[in-house]
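Asker: Residue strings, one per chain:
Protein chains: 2
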Amino acid sequence: MTRIVTVPLGDRSYPIYIGAGVLRSGRLAEHIAGSQVAIVTNTVVAPLWLKTLNTVLADSNAKVDVFELPDGEAEKNLSNYEAILDFLIAHKHNRSTTVIALGGGVVGDMAGFAAATYQRGVRFVQIPTTLLAQVDSSVGGKTAVNHPQGKNLIGAFYQPEAVFADTELLATLPAREWRAGIAEVIKYGIIQDCNFFNWLIEHNQALLEMSSDAIIHAVGRSCEIKAEVVAQDEREGGIRAILNYGHTFAHAIEALTGYNTYLHGEAVAIGMVMAADLSWRQGLLTLNDSARIKQAIGTFGLPVVPPALESEAMLNAMGMDKKVLDGRLRLILARSIGDAFVTDAVDQQLLQATLSAGKRLCDD
Amino acid sequence: MTRIVTVPLGDRSYPIYIGAGVLRSGRLAEHIAGSQVAIVTNTVVAPLWLKTLNTVLADSNAKVDVFELPDGEAEKNLSNYEAILDFLIAHKHNRSTTVIALGGGVVGDMAGFAAATYQRGVRFVQIPTTLLAQVDSSVGGKTAVNHPQGKNLIGAFYQPEAVFADTELLATLPAREWRAGIAEVIKYGIIQDCNFFNWLIEHNQALLEMSSDAIIHAVGRSCEIKAEVVAQDEREGGIRAILNYGHTFAHAIEALTGYNTYLHGEAVAIGMVMAADLSWRQGLLTLNDSARIKQAIGTFGLPVVPPALESEAMLNAMGMDKKVLDGRLRLILARSIGDAFVTDAVDQQLLQATLSAGKRLCDD
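Chains as they are written, first to last, in my numbering: chain A, 769 to 1132; chain B, 769 to 1132.
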């Protein structure tokens, strides 16, 4: 069964193919125009899936070049971005080449930024190999690299031609990364769809056991919600920011722990609990719903307790987040489960309370 | 007299203000939204015009930071691009900042690429200080940096909020740069408007003497033609390529002479003569019109004779040009003065003849 979600963006609209085996379905060839393909992948994914992709591409008669990045978020930097550009130039890729990202969010973000800026933009296809990338980073056109001063500070909005979310590719995913991806799936429930949030709780076991049907629904519904939000606000002038629910806290936690303690999804899990806590403190969310969010996240084996970090360091790290507008901190808070919104009416004292409550709030 | 040309691109439309003193007209403040401004300029322009710009900005109450690049095309590289990003981050510029480019094409292209990719895109205003930048690089949204292997290989399409083509700023332009800018003005006549081409010949003296009225008409009509073409084809899928008339030859000449022999406009002048020669050889342009093009360019004191370069080196250098599509060389040729078009039906033998004719063709 292939589920197709369209991201409706006028002349930049594109399909997300979701299902077991979509990569081998023959549709990939439809999205390659020229006679050149550059696959960007990494040293962990290549041994697992590069052969499959090469077999699929063999039919297209395109010349295929492969660039392998080292693995890890630390590699998402300007230096590797330049290495991809050098590679494209060295192999004489022209404006009608197709860049294919085969990997997780780091590979997709970097390959996408390279595709966005190589000769002012070439064709780009995403083949996300992690749950996190399938439900989040591969959809919506955000590409970026990190700067030593902050995550994703350099990048572009650049939509792919197509996304192939082949759920078979998730079979090789380590359990920890699988759970980290579920954090973003839960996020879609919290921000937009209470029924989906409840469905996730009900299908906790099926999801943890990676049942194919459950995965396809979880990925499909997540992509639908993301596509709806992105269609309303492609360049994040407003509503799109709700997709960052929990992320301002998460980015600060990741920065202050050197990007090597938590997977992104794990930091988001903690950040979503903190955002729920602040939403409750600001009188928006009931204590019960805040607790349900924390509990749901916990039942997927995700962390819900923030690490011991100084409030001041957190505030400072949150201040360099891209979501800061004109010096005022904007956050995504929830009025109820399924209804998140962007606000710059953040009560500094209550925020302080959320930050310093830390352990206490999460042990209660 | 302020002439306003609108570049009609839907929600990315923007005005070009053309005239003597438009920078001081008070309109700049309308295009600054946030409380931060980053001026990117260079060490040659800053002593001449930075004080004027700072005075204009003083009314806006925005915090203004200034980044000065060294002067020259050699500085248009990834390393200086990164330096601009580091500068924006160090001064805590947020997503609602406005980047202002004050300078020629190098400053505009780099500041624009930085604005396009800082936090995935911030507000951008162009204040071009050279004729070349006023009639060409500041209009149409092309931003880029060079790669050691070729010009503008890395960049983005990113439209500014507004362009201020203040003809007073051209007063300090060295005569050689002034003439180099006229090459691009002549280009608009050749590709789209025979009447304008004739007007330029008639106003040769007024333009060389920098008469204000003549300048304003030359800049205004050039921007109108460019805006019309860009509006039809923002991302250069087809017709926009005619703006590159003469440029494939020019880029090759610039690359093979180390970017330090010719100003860009001078290389374009030679390239336009070569493109006219090839158009004649391919039976498109009359010999008389080809000669008129060469003569018109020459009367503005621009070079019309290609340097002594091996044909093979030229062909190779032309092969890495962005205009190559799937390995086939596309060129812009002219059917008549005022009617250029894109073609990949380039006769290799006739091209060879144009390349090797070199001196002979230009002395005849």
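Hints were generated in silico from the structure; no laboratory data involved.
Hints may be right or wrong, so weigh each one.
It does not matter which identical chain is used: a pair holds within one copy or between any two.
[Unchecked claim] Pairs of lysine to any residue, SDA-like flavour, derived with a Cα cap of 25 Å: (1) K860 to L976; (2) K860 to V1114; (3) K860 to Q1120; (4) K860 to N920; (5) K860 to Q1116; (6) K831 to Q917; (7) K819 to R891; (8) K831 to A801; (9) K831 to M769; (10) K860 to L846; (11) K860 to I772; (12) K860 to R1003; (13) K819 to A788; (14) K831 to G1005; (15) K860 to H915.
Asker: Evaluate each hint against the coordinates.
Answerer: Checked hints:
Within a single copy, K860 and L976 get their C-alpha atoms no closer than 45 Å, and across copies no closer than 42 Å, so neither meets the 25 Å cut-off. Taking identical chains as interchangeable, the C-alpha atoms of K860 and V1114 lie at most 25 Å apart only when they sit on different chains, with a minimum of 21 Å there against 51 Å within one chain. In this homomeric assembly, K860 and Q1120 come within 25 Å of each other (Cα to Cα) only across copies, at 22 Å, whereas the closest approach inside a single copy is 54 Å. For a Cα distance limit of 25 Å, the shortest separation of K860 from N920 across copies, 15 Å, qualifies, whereas the shortest one inside one copy, 28 Å, does not.
Proximity of K860 to Q1116 under the C-alpha cut-off of 25 Å is restricted to the inter-copy arrangement: shortest distance 20 Å between copies versus 53 Å within a copy. When the C-alpha separation of K831 and Q917 is checked against a cutoff of 25 Å, the pair qualifies only between copies, where the shortest distance is 21 Å, while the shortest distance within a copy is 38 Å. Taking identical chains as interchangeable, the C-alpha atoms of K819 and R891 lie at most 25 Å apart only when both belong to the same chain, with a minimum of 22 Å there against 43 Å between chains. Taking the closest pair of Cα atoms, K831 and A801 come within 25 Å of each other only inside a single copy of the chain (12 Å); across copies the shortest separation is 47 Å, beyond that limit.
Taking the shortest Cα distances, K831 and M769 never come within 25 Å of each other, neither inside one copy (31 Å) nor across copies (56 Å). Proximity of K860 to L846 under the C-alpha cut-off of 25 Å is found in both arrangements, the shortest distances being 21 Å within a copy and 19 Å between copies. Taking identical chains as interchangeable, the C-alpha atoms of K860 and I772 are never at most 25 Å apart, the minima being 34 Å within one chain and 41 Å between chains. Taking CA atoms no more than 25 Å apart as the test, K860 paired with R1003 passes between copies only; the shortest distance there is 21 Å, against 32 Å inside one copy.
In this homomeric assembly, K819 and A788 come within 25 Å of each other (Cα to Cα) only inside a single copy, at 17 Å, whereas the closest approach across copies is 63 Å. Taking CA atoms no more than 25 Å apart as the test, K831 paired with G1005 passes between copies only; the shortest distance there is 22 Å, against 39 Å inside one copy. In the homo-oligomer, the alpha carbons of K860 and H915 lie at most 25 Å apart only across protomers (13 Å), although the nearest pairing inside one protomer, at 28 Å, exceeds that limit.
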